[in-house]
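Trainee: Protein sequence lines correspond, in order, to chains A and B. Read in UniProt numbering, the first sequence has 21 at position 21, and its numbers run on one by one without any break. Read in UniProt numbering, the second sequence has 301 at position 301, and its numbers run on one by one without any break.
Hints are not guaranteed to be accurate.
Restricting the straight-line Cα-Cα distance to at most 30 Å, the calculated cross-link-like pairs of lysine-lysine (DSSO-like) are [to be verified]:
hint	chain 1	residue 1	chain 2	residue 2
1	B	K351	A	K307
2	B	K8	A	K307
3	B	K351	B	K274
Only part of the chain B face toward chain A is listed, based on derived beta-carbon distances under 7 Å [claimed, not checked]:
hint	residue
4	P10
5	G13
6	V31
7	A33
8	E42
9	L50
10	P51
11	P53
12	S395
13	T398
14	A399
In silico contact screen, one side only, chain A against chain B (beta carbon under 10 Å); selected entries [unchecked claim]:
hint	residue
15	R21
16	A50
17	W153
18	A298
Since the hints were made in silico from the structure, they are not lab data. Please read all numbers here as calculations on a predicted model, not as lab measurements. Don't be surprised by glycine CBs; every beta carbon is placed ideally from N, CA and C.
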Amino acid sequence: MGTAQQADTGNSRTSAQASTRPQAGTSAGVLRAATVGPDEAVQLLDEHGAIHHDATFSPYIEKLDPEVVRGFYRDMAIVRRFDTEATALQRQGELALWVPVIGQEAAQIGSGRAMNKADYAFPTYREHGVALTRGLDLADLLKLFRGISNGGWDPRETNFHLYTLVLAAQTLHAVGYAMGISRDLAADPTTEPAAVVAYFGDGSSSEGDVHESMVFAASYDAPVVFFCQNNNWAISVPFEVQSKVPLVNRAAGYGIPGVRVDGNDVLAVYAVTRWALEHARDGHGPVFIEASTYRVGAHTTADDPTKYRMSAEEELWKTRDPLDRLETYLRAAGLADEAFFEQVTNDGDELAAHVRRATLAMGGADIRQKFATVYAQAHPLVAEELAWFENYEASFAEENTENSQTQGGAA
Amino acid sequence: MSTQNFFKLPDVGEGLLEAEIVSWKVKAGDVVAVNDVIVEIETAKSLVELPSPYAGVVAALMVAEGDTVDVGTPIIAIGSEAPAGDSKGFSAEAQGPAPAASEVPNESEQIKPLVGSGPKADAVKRRARKTPAHSTAAPSTAAPSTPAPSAPNGDPSSAPVSAQAEPQFPAANTALSAQAKSNRVLAKPPVRKAAKDLGIDLSLVSASGVRGEVTKKDLLSYQDQRAAGEGQGASAPGQSAQFWSASTPATGKVENPRQDDPRIERIKVKGVRKATAKAMVESAFSAPHVSIFVDVDASRTMEFVKRLKASRDFEGIRVSPLLILAKAVIWAAARNPSVNATWAGDEIIIKHFMNLGIAAATPRGLMVPNIKDAQDLSLKELAIALNGLATTARSGKTAPADMAGGTLTVTNIGALGIDTGTPIINPGEVAIVAFGTIKQKPWVVDGEVVPRWITTLGGSFDHRVVDGDLSARFMADVAAIMEEPALLLD
């Protein structure tokens with residue numbers, strides 16, 4: 001998406017320079033350094049598939065039915081397969097653009113599965129995994145990328161808002177919606193308590209909208225969970241340029257709890273998000289979650305990450321793959337057998353085939369529809385612009401047939 | 001009975017117009033499944049692998065490796081094994097999971113980056129530039145031992161493919177070497193694209209960007225230099241040294257210089273060049289051309305232009321002698337209507353309006369946009385129309401409609417310092433006027449030699465429509481206005 005930050009980053013500041021930066025000391029009134037370090041994060045399942053205990057968050061997964069844990073894996077595998085198919089469709093000219101999600105499956109499935117039906121999600125344009133957990137037909141996601149719709153689904157049916165292409169704008173919408181939930185609850189205490197999840201990325205964290213929405217959410221104790229998938233790259237801008245401290249530490253500035261979670265650990269993401277949603281639903285106000293993950297693929301199909309990052313980094317993150325570690329765990333704990341994984345593969349292929357069929361059946365965009373929906377009634381200026389456009393389009397048809405008449409000329 | 005599906009080159013970026021076919025991953029006769037990688041292409045943005053949208057047998061590869069084709073061009077034909085009714089060819093999937101399963105690469109493969117994936121993804125390798133054949137003097141020959149001279153005499157199998165591929169992707173795995181790095185020319189994608197279009201090797205352009213990158217300005221000034229060098233021959237010694245290739249011992253022995261001779265540069269004929277060539281051949285070999293010339297004392301035109309420039313009414317409007325010529329042509333055509341016509345075989349179509357074409361060199365090549373209903377325009381309106389037309393043409397934004405329906409053309413060869421020429425008529429018209437340069441020459445006035453502003457007007461006419469006397473009268477009328485613009489008041 002063109003609005004994301006893109007820059008020649010060069011070498012900003014080396015860590016050596018940063019460490020020699022003068023400190024203000026420890027007098028009263030002097031801010032202490034960031035408290036959560038860059039390598040700290042809640043982790044319940046490590047990259048080797050081993051379980052770790054955490055007093056606050058383990059209880060959320062210890063009582064989970066094995067079927068639910070298998071469901072996490074299934075969801076992640078299916079959205080990855082879906083992503084592959086959508087990418088292929090773009091390469092075959094069926095989509096104008098695609099935004100791959102590979103690498104971020106755990107952050108999305110874990111947080112999405114933590115939500116109740118009454119909760120409401122405000123996605124960016126990359127939340128395909130969350131869409132799956134909210135029960136969308138994933139083929140509907142492609143309407144936007146095929147250019148035949150400005151939306152693609154009715155958000156009221158699944159409490160999954162439309163994709164927002166304007167970076168960080170959805171965080172304001174989310175807080176407004178959360179403040180509305182508070183008022184509904186005040187007006188009618190029998191309303192089911194609900195919370196909102198505002199998704200955004202490390203690039204968006206630099207947008208003013210995020211700041212404004214956090215200030216308002218904190219001031220009004222809005223039931224909203226700010227869920228930042230820090231995938232380390234805002235198109236070509238590395239995270240080190242985006243922020244000097246781990247993002248989670250910013251929560252302290254707003255006076256709200258912040259949690260940093262291993263975003264490739266679906267169990268930890270699930271537990272942390274459950275905790276945060278309960279915190280919000282119980283009227284304690286917003287929570288900021290930073291899920292540390294990695295965008296393994298390109299920013300979009302129009303981007304080429306080999307131009308700005310080293311493959312060694314990609315290799316490192318592949319060892320932290322969210323699916324691999326859960327598969328290892330499921331097999332080791334005897335919770336899933338070969339037949340299960342085979343079934344998941346087949347289900348993925350079936351969904352992919354469905355998505356392909358549905359996409360090809362969507363047909364093409366009708367640009368006249370855009371003119372027809374500017375105003376409720378006919379408008380002379382719109383009519384004039386439509387006429388101009390049709391004329392303009394027709395001029396290309398002429399180019400093909402009258403080439404020899406119109407081009408070339410005198411020596 | 002199988003039907004054939006054609007896969008058209010898609011726009012894999014946002015708004016890309018063309019791509020180069022880098023390498024085919026399949027050949028005719030191969031069986032492909034949906035999403036099997038069939039070809040690798042390079043766009044202005046990246047190297048991309050395209051998966052097949054169809055299942056079936058490859059019937060034909062329709063574009064050769066190394067060719068650049070427009071988005072929308074069919075590049076491969078795949079015969080469907082499915083019944084003819086299934087035109088989309090996706091039935092293979094519907095029939096069962098077997099082919100679908102083969103679509104899924106194993107996990108570790110799947111997780112690769114989307115673009116520039118695969119072993120060739122190495123950024124350094126990908127940046128190896130395609131150095132045009134003439135640039136053997138360029139410093140970027142990463143594989144200096146590449147057998148440019150030896151290949152032609154020796155190995156007949158080192159046909160285009162290997163000869164091309166080797167210098168492009170040198171030193172396979174050790175490509176992170178410092179040398180490869182130092183060969184990297186920095187430039188933004190639009191500049192790279194422009195360089196490619198102009199056939200300029202970026203490594204030959206001196207860079208002035210703040211980070212050492214080649215800017216658009218650098219490129220254009222290099223292009224100007226090169227154009228000047230080509231035009232003026234030896235007048236730019238440094239330039240021509242770069243243009244001429246050093247001779248090699250192999251020269252002369254080469255029996256078939258077609259393939260590998262580094263001293264021969266091949267430029268694909270496409271786009272505007274192709275259209276121009278077609279139009280010119282069509283015109284030159286269907287319309288019998290007659291060309292005539294007349295020397296004109298344009299001193300009064302020069303004075304008139306000077307006065308117009310100074311006049312408040314024309315403030316801010318560019319005025320040139322071309323304006324007076326355009327007006328003169330319109331005026332003369334009204335007096336000799338047959339020059340403003342079309343030969344239609346069994347009839348001659350006389351136009352009672354003037355869509356005055358102006359031949360213009362543009363970034364896209366030669367274009368002849370025209371000023372519609374130029375006969376209705378005042379001098380000032382005509383000046384504005386001429387300026388607008390030139391600006392649009394120079395920025396490469398001339399719309400097809402602007403070039404359609406011309407009735408008579410003026411070509412301003414004087415802008416290049418040329419005295420006169422025999423122009424070729426724009427197809428569909430019967431006359432064209434060439435406007436030569438205007439310079440001071442000795443001229444006899446009332447028996448005395450005085451310096452005057454002299455120009456030569458040339459004209460070519462389709463003799464099927466315009467006979468000698470008519471063309472002469474028309475040119476004389478144009479000349480009369482150039483000599484005495486006041487006649488326009490007539």
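Trainee: Are the hints correct? Go through all of them and say.
Mentor: Results for each hint:
1. With a CA separation close to 57 Å, the supplied pair B/K351 and A/K307 exceeds the 30 Å bound.
2. Between the alpha carbons of B/K8 and A/K307 the distance comes to roughly 27 Å, so the proposed pair stays at or under 30 Å and holds.
3. Among the hinted pairs, B/K351 with B/K274 is consistent with the structure: their alpha-carbon atoms are about 29 Å apart, no more than 30 Å.
4. Interface restraint check for B/P10: the shortest CB-CB distance to chain A comes to about 3 Å, inside 7 Å, so the restraint holds.
5. Against a cut-off of 7 Å between C-beta atoms, the interface hint on B/G13 holds, since the closest Cβ of chain A lies about 4 Å away.
6. Contact between B/V31 and chain A, as hinted, is not supported at the beta carbon level, the nearest pair being about 18 Å apart and thus beyond 7 Å.
7. Interface hint status for B/A33: violated, as the beta-carbon distance to the closest one in chain A is roughly 11 Å, over 7 Å.
8. The beta carbon of B/E42 is not positioned within 7 Å of any beta carbon in chain A (closest approach about 11 Å), and the interface hint is therefore violated.
9. The closest approach between the C-beta of B/L50 and any C-beta of chain A is roughly 5 Å, which is under the 7 Å cut-off, so the hint is satisfied.
10. Residue-level restraint check for B/P51 holds (minimum Cβ-Cβ distance to chain A is 4 Å; threshold 7 Å).
11. Taken as an interface hint, B/P53 checks out: its beta carbon lies about 4 Å from the nearest beta carbon of chain A, inside 7 Å.
12. Because the closest C-beta pair between B/S395 and chain A is about 17 Å apart, greater than 7 Å, the hint is violated.
13. Hint status for B/T398 relative to chain A: violated, with the closest Cβ pair at about 10 Å, above 7 Å.
14. The beta carbon of B/A399 is positioned within 7 Å of a beta carbon in chain A (closest approach about 6 Å), and the interface hint is therefore held.
15. Checking A/R21 against chain B by beta carbon gives a least distance of about 26 Å; that is not within 10 Å, so the hint is violated.
16. For A/A50, the suggested interface contact is broken, since its CB lies about 20 Å from the closest CB of chain B, more than 10 Å.
17. Taken as an interface hint, A/W153 does not check out: its beta carbon lies about 24 Å from the nearest beta carbon of chain B, beyond 10 Å.
18. Interface hint status for A/A298: upheld, as the beta-carbon distance to the closest one in chain B is roughly 4 Å, under 10 Å.
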